[in-house]
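Trainee: Sequence:
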Amino acid sequence: MELNDRNLQTLTEYLQKTLSPDPAVRRPAEKFLESVEGNQNYPILLLTVLEKSQDEVIRVCAAVTFKNYIKRNWRVVEDELNKISDPDRTAIKANIVNLMLSSPEQIQKQLSDAISIIGREDFPQKWPDLLTEMVTRFQSGDFHVINGILRTAHSLFKRYRHEFKSNELWSEIKLVLDTFAQPLTELFKATIDLCQTHATDINALKVLFSSLALISKLFYSLNFQDLPEFFEDNMETWMTNFHNLLTLDNKLLQTDDEEEAGLLELLKSQICDNAALYAQKYDEEFQPYLPRFVTAIWNLLVTTGQEVKYDLLVSNAIQFLASVCERPHYKHLFEDQNVLTSICEKVIVPNMEFRSADEEAFEDNSEEYIIRDLEGSDIDTRRRAACDLVRGLCKFFEGPVTGIFSGYVNSMLTEYAKNPGVNWKHKDAAIYLVTSLASKAQTQKHGITQANELVNLSEFFVNHILVDLKSPNVNEFPVLKADAIKYVMTFRSQLPKEQLLESVPLLVAHLQAESIVQHTYAAHALERLFTMRGANNATLITPTEMAPFTEQLLNNLFKSLAVPGSSENEYIMKAIMRSFSLLQEAIVPYIPTLIGQLTHKLLLVSKNPSKPHFNHYLFESLCLSIRITCKADPDTVDSFEEALFPVFTEILQNDVQEFVPYVFQVMSLLLEIHTSSIPSSYMALFPHLLQPALWERTGNIPPLVRLLQAYLEKGAAAIASTAADKIPGLLGVFQKLIASKANDHQGFYLLNSIVEHMPPDSITQYRKQIFILLFQRLQSSKTTKFVKSFLVFINLYCVKYGAIALQEIFDDIQPKMFGMVVEKIIIPEVQKVSGQVEKKICAVGITKILTECPALMDTEYTKLWTPLLQALIGLFELPEDDSIPDDEHFIDIEDTPGYQTAFSQLAFAGKKEHDPIGDAVSNPKILLAQSLHKLSTACPGRVPSMLSTSLPAEALQFLQGYLQAATVQLL
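Counting from 1, one number per residue, gives the positions in the sequence shown under the UniProt record's numbering.
Treat each hint with caution, since some may be false.
[Said to hold, decoys possible] Pairs of lysine-lysine, DSS-like flavour, derived with a Cα cap of 27 Å: (1) K800 - K832; (2) K174 - K189; (3) K741 - K126; (4) K726 - K911; (5) K788 - K912; (6) K832 - K726; (7) K782 - K816; (8) K785 - K816; (9) K395 - K418; (10) K832 - K816; (11) K206 - K174; (12) K281 - K174; (13) K788 - K611; (14) K52 - K83; (15) K611 - K800; (16) K165 - K126; (17) K174 - K251; (18) K206 - K109; (19) K800 - K726; (20) K800 - K863; (21) K611 - K559; (22) K824 - K741; (23) K206 - K158.
[Stated by the list, open to error] Label pairs and their computed distance ranges (CB to CB): (24) H688 - P815: 40 to 46 Å; (25) H688 - N98: 45 to 51 Å; (26) I825 - G534: 47 to 53 Å; (27) G565 - S639: 30 to 36 Å; (28) D122 - D201: 55 to 61 Å; (29) E453 - T132: 56 to 62 Å; (30) L685 - I825: 36 to 42 Å; (31) I825 - E284: 18 to 24 Å; (32) L333 - L175: 37 to 43 Å.
It should be emphasised that the hints constitute simulated quantities derived from the structure, not laboratory data.
All values reported here derive from a predicted model rather than from experimental measurement.
No residue lacks a Cβ here, since even glycine has one placed at the ideal position from N, Cα and C.
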């Protein structure tokens, strides 16, 4: 693409169209941009639009498009097309920092993100001057520029907070510290001085305090992995200033907004985090500063109001206390009963109260409420922090703390009992307190796994929780109902089974609640209960125990999806999936009705897929419906196809990228169920599955390969007779996959199915070319994964076509090639093959080579016979060799970058492991003994003499065992 006005104009027009609310305008524009993004100069054109356009909206759109383009394409993946040319990469890196610094804040943020994505790949090796370019801008004195640099540095360095330790990481952090730590410290001191100079200028203070907040975040990232020497030497500067900022109260920076945290709150929150980091990880060095921080943070907690804008500050301040009280070093600070009482009374109890802001979120912003309350998201809540502090205090003071809180719990419940209609919030806080007191250890799978023995959970359930669950009006006191449901879910591993069984019909009733939070919690609680395991790893709750409630359960789950605000509720859909999985054949009578509802839902969400988890569970539920119903009656597969194919066709025609891999998986499942020949509706689709564009998306590859395998398994004869012209296309797919280190195993899956199922004469003309392609890949890039797959393939070929055919095709490509493969690949590498079926294929194939290949007995290949037999005995008896050379690391398919839908495996569409040899060979060791016996009968005396001269004694001993087990002997 030329850098000219016409192209700039075209690009601007298409960017404009991508903002259209009309999908008919928006989608083609997005497709066009996607189609040209591989062209040289495309990113430079985008940056030019971003810089020169007069339209602010277009500039922001270009910035977002550019960032997403970088996100998708900057990382260079081995074996895949590099979509950004080297000149473009150089130009981007040369201009982006300047452009970012001269742009308005909204665009600056997008470009800053783009710099950090590029930095993640290229810094420091391929972008060595990035840091110095950034540091020199600190001298500019222009805080718009300085904040741009700080924001970029933050997005670049924040990954240090969650990277695994490695030498590479250490050397990068060291480089950053050497260049950045001193200027950052100078900037910190200078900014604090400027705050005093401009103490009465509100506009200047806003800019300076946003700088201080960013500097504090950078401090956290740079100190996270270890305490750097520079920061240890300058601890006095940093900690004294941090402490002063914590105690600072500038009236000008206080905001009237009750919701949104102001700059002062954000800065203090980060300082609490920094202090907690030092208290936890570097307590010895931090000890001199700790008492004054504890005092400052305690005062902060006691004087800060209940408004939402202080939530982050309060929760970080409480987290600081929680991290301090868990350390044996600081235990003495909390030993006094008065201190404990004071913490409980002034910090914990007030921050466990259900505020009107929480009530608003419960009613009007249920999604966020659920994410915070149920999933423990990153948005730290006061309640969660208070709960962590209770747990921290219980580590050393469980008895006293439980005693203090029991008093509070009782008085709260007494208050509630006086006037439930008015005082319901007291009961809510009491339940929360009991939960935080009782929870010691917890997992996603089992809920609370370790509880405080001083709290009687079962008794509390009977006296206070059951009442709310049993209440005839499910819509009364929704918060307390949600609390009660959550209690059952949290303590499901601690409560006796009879109490859980008593809860099930009550939870089913709560699915009808109008409150989104309440019916979501009910769905989630049922889903968790249905996954619990009892004796013999069977589900704790059985389908028989569920029988009285099955119809009600299914009805209520599907009805709750119709409630406004829950139409794409992932918890409900997951509960539907789990109910199907638990109930199995009990759902068959309901499927004809339910499948209609599921396909209608699929049609609706495919118009604009926005909830990935919901969509995943929807497809899982479809798979379960198919599996369970067709297991009882395979002929019902036709009615599923009738219901699903119209929606699938629409998804494929509209190219709904998120759903295409799912559709292929469900189609594979349906096709694998067919018992007779392949239906014509599938054959009509076959040519479209070979289109190169489909194979460009990594997420499509595993499901498409599986679908093609199903075609080959069910319809190889039909393909050979009616679609023979498509065989080259099928092999073209194999050739593309085999060239990629990430996908070569998928290429072998396809090739193995071709060899196993296609009529031999339909692929005769292609066989030699297949082997040549494999040898070329072996020469250019031999990896352990490739070799393992190659071994399985050649042995499967040998099983299918015979050992002579294998030897002849090798020697036809190049004389003596067969010997080289046996000597250089089969003998040394076969120990690496993993998987029962794969090992069996190799064992049967090698047995055939040993006993049905005359060339191995009567030519210069004969010297390989005994080593090959020894390798086979090793495959049977030695542990698998799972070593991988240092220079090989495989890119995980899921790890490929960008927005492309990663492949999401559907658990309930799972493919049964297929054994191409099947019952023909049940025990390969017996087959080896019988085959050697047959060979020795044909040429008496030869086999024993070859064994006795060169087979090691240990291997010979194993072989004797096989011969005895097969009741044969060698002649």
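Trainee: So, for every hint listed, does it hold in this structure?
Mentor: These are the hints, each one checked on the structure:
1. Proposed proximity of K800 and K832 is supported: the alpha carbons are some 22 Å apart, at most 27 Å.
2. A threshold of 27 Å between alpha carbons decides the hint, and for K174 with K189 the separation of about 22 Å falls inside it, so the pair holds.
3. Restraint check for K741 and K126: satisfied, since their Cα atoms lie roughly 24 Å apart, inside the 27 Å limit.
4. Distance check on the hinted pair: K726 and K911 sit about 25 Å apart at the alpha-carbon level, within 27 Å; holds.
5. Distance check on the hinted pair: K788 and K912 sit about 21 Å apart at the alpha-carbon level, within 27 Å; holds.
6. For the hint linking K832 to K726, the alpha-carbon distance of about 35 Å lies beyond 27 Å, and the restraint is violated.
7. For the hint pairing K782 with K816, the CA-to-CA distance comes to about 20 Å; that is within 27 Å, so the pair holds.
8. Among the hinted pairs, K785 with K816 is consistent with the structure: their alpha-carbon atoms are about 25 Å apart, no more than 27 Å.
9. For the proposed pair K395 and K418, the alpha carbon gap of about 35 Å is over 27 Å, so the pair is violated.
10. Between the alpha carbons of K832 and K816 the distance comes to roughly 25 Å, so the proposed pair stays at or under 27 Å and holds.
11. For the hint linking K206 to K174, the alpha-carbon distance of about 32 Å lies beyond 27 Å, and the restraint is violated.
12. The hinted pair formed by K281 and K174 meets the criterion: a straight-line CA distance of about 19 Å does not exceed 27 Å.
13. At most 27 Å may separate the alpha-carbon atoms for a hinted pair to count; K788 and K611 exceed this at roughly 39 Å.
14. For a cut-off of 27 Å, the pair hint linking K52 to K83 stands: about 25 Å separates their Cα positions.
15. Using a Cα cut-off of 27 Å, the hinted pair K611 and K800 is violated, with the two alpha carbons roughly 46 Å apart.
16. Distance check on the hinted pair: K165 and K126 sit about 22 Å apart at the alpha-carbon level, within 27 Å; holds.
17. Distance check on the hinted pair: K174 and K251 sit about 40 Å apart at the alpha-carbon level, beyond 27 Å; violated.
18. With a C-alpha separation of about 18 Å, the suggested pairing of K206 with K109 holds against the 27 Å cut-off.
19. Between K800 and K726 the alpha-carbon distance is near 23 Å, which keeps this suggested pair within the 27 Å criterion.
20. Annotation: proposed proximity of K800 to K863 holds, straight-line Cα distance about 26 Å (limit 27 Å).
21. Using a Cα cut-off of 27 Å, the hinted pair K611 and K559 holds, with the two alpha carbons roughly 19 Å apart.
22. For a cut-off of 27 Å, the pair hint linking K824 to K741 stands: about 21 Å separates their Cα positions.
23. For a cut-off of 27 Å, the pair hint linking K206 to K158 stands: about 23 Å separates their Cα positions.
24. Between H688 and P815 the C-beta distance comes to about 43 Å, which sits within the given range of 40 to 46 Å.
25. Taking 45 to 51 Å as the suggested C-beta distance range, the pair H688 and N98 conforms, at roughly 48 Å.
26. In this structure, I825 and G534 meet the distance hint of 47 to 53 Å, their C-beta atoms being roughly 49 Å apart.
27. Restraint check, G565 to S639: a C-beta distance of roughly 33 Å satisfies the suggested window 30 to 36 Å.
28. A C-beta distance of roughly 40 Å is found between D122 and D201, which places it outside the suggested range of 55 to 61 Å.
29. The hinted window of 56 to 62 Å between E453 and T132 holds, with their beta carbons roughly 60 Å apart.
30. Between L685 and I825, the C-beta spacing of about 38 Å keeps the proposed range 36 to 42 Å intact.
31. Checked against the given bound of 18 to 24 Å, the beta carbons of I825 and E284, roughly 57 Å apart, lie outside it.
32. Evaluation of the 37 to 43 Å hint for L333 and L175 yields a pass: the beta carbon distance comes to about 39 Å.
Hints 6, 9, 11, 13, 15, 17, 28, 31, counting from the list given before, are not met by this structure.
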